[in-house]
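**Q** Chain by chain, the residues:
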Amino acid sequence: DVKVTQSSRYLVKRTGEKVFLECVQDMDHENMFWYRQDPGLGLRLIYFSYDVKMKEKGDIPEGYSVSREKKERFSLILESASTNQTSMYLCASILGPRGDGLNYGYTFGSGTRLTVV
Amino acid sequence: QQQVKQSPQSLIVQKGGISIINCAYENTAFDYFPWYQQFPGKGPALLIAIRPDVSEKKEGRFTISFNKSAKQFSLHIMDSQPGDSATYFCAARLKAAGNKLTFGGGTRVLVKP
Numbered sequence: 010d011v012k013v014t015q016s017s018r019y020l021v022k023r024t025g026e027k028v029f030l031e032c033v034q035d036m037d038h039e040n041m042f043w044y045r046q047d048p049g050l051g052l053r054l055i056y057f058s059y060d061v062k063m064k065e066k067g068d069i070p071e072g073y074s075v076s077r078e079k080k081e082r083f084s085l086i087l088e089s090a091s092t093n094q095t096s097m098y099l100c101a102s103i104l105g106p107r108g109d110g111l112n113y114g115y116t117f118g119s120g121t122r123l124t125v126v
Numbered sequence: 114q115q116q117v118k119q120s121p122q123s124l125i126v127q128k129g130g131i132s133i134i135n136c137a138y139e140n141t142a143f144d145y146f147p148w149y150q151q152f153p154g155k156g157p158a159l160l161i162a163i164r165p166d167v168s169e170k171k172e173g174r175f176t177i178s179f180n181k182s183a184k185q186f187s188l189h190i191m192d193s194q195p196g197d198s199a200t201y202f203c204a205a206r207l208k209a210a211g212n213k214l215t216f217g218g219g220t221r222v223l224v225k226p
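As given, the protein sequences belong to chains A and B, one line each in that order.
Per this note's numbering, numbering of the first sequence is gapless, rising by one per residue and ending at 126.
Per this note's numbering, numbering of the second sequence is gapless, rising by one per residue and ending at 226.
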């Protein structure tokens with residue numbers, strides 16, 4: 010069964026800390042994404058990556074950075090955590106240009122609920 | 114700027130009833146419109162999807178209706194069951210932008226027995 014695994018389900022961090030959220034997929038997917046989910050706002054794209062060492066800003070990149078040193082791993086970094094970054098963070102992956110069927114969709118991880126105090 | 118607007122935010126329906134969720138989009142370059150279903154504690158999972166050259170797609174009790182000229186699409190859940198209680202997200206894809214999905218705000222559906 011294909012999987013996207015996020016390293017932590019729950020995290021509590023202090024304001025100003027540097028926070029790392031890890032995501033690993035075992036499907037040899039090229040495209041990976043980080044979203045944050047907030048009530049009423051849906052899922053908003055933070056960063057995405059086409060391939061190893063490649064990254065693109067999404068709609069709300071401020072305060073975040075990413076790293077993709079290996080194809081299977083995509084890390085989200087909060088350089089200096091703030092309380093407005095308290096949220097559910099979701100990682101997703103998709104095959105990339107090699108696949109394009111109608112039921113070709115993202116595979117999501119179960120999410121990391123981050124609380125910044 | 115929210116490019117995909119979803120309504121309502123929440124919905125309560127009796128078992129056996131019809132749940133209807135609506136979405137509207139702005140960018141005519143979107144080329145694929147999926148719906149995702151999310152249960153508590155889980156990530157969203159692909160439910161059903163449609164391309165803009167088709168007006169309707171049905172899979173079991175779930176149907177997408179698509180109106181390209183109005184830039185609107187909707188999800189209908191027929192014969193709603195308590196197990197359908199979840200949050201539903203519509204989305205739209207820009208394939209040219211690396212398969213990036215833009216999501217609506219979500220609808221929390223509660224099906225009462």
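If you are wondering where the hints come from, they were derived from the structure by calculation, not from laboratory data.
One or more of the hints may lead you astray.
Stated by the list, open to error - Using C-beta positions, here's what the derived DEER-type ranges look like: (1) 209(B) <-> 18(A): 30 to 38 Å; (2) 168(B) <-> 91(A): 26 to 34 Å; (3) 223(B) <-> 68(A): 24 to 32 Å; (4) 129(B) <-> 68(A): 18 to 26 Å; (5) 152(B) <-> 35(A): 39 to 47 Å; (6) 74(A) <-> 183(B): 33 to 41 Å; (7) 50(A) <-> 155(B): 15 to 23 Å; (8) 140(B) <-> 50(A): 31 to 39 Å.
What the hints assert, rightly or not - Examples of chain B residues toward chain A, derived with CB under 8 Å: (9) 119; (10) 122; (11) 128; (12) 143; (13) 147; (14) 157; (15) 159; (16) 162; (17) 209; (18) 212; (19) 217; (20) 224; (21) 226.
For every residue, glycine included, the Cβ atom is placed at its ideal position computed from N, Cα and C.
**Q** Check each numbered hint against the structure and report the violated ones by number, ascending.
**A** 2, 4, 5, 8, 11, 12, 17, 20, 21
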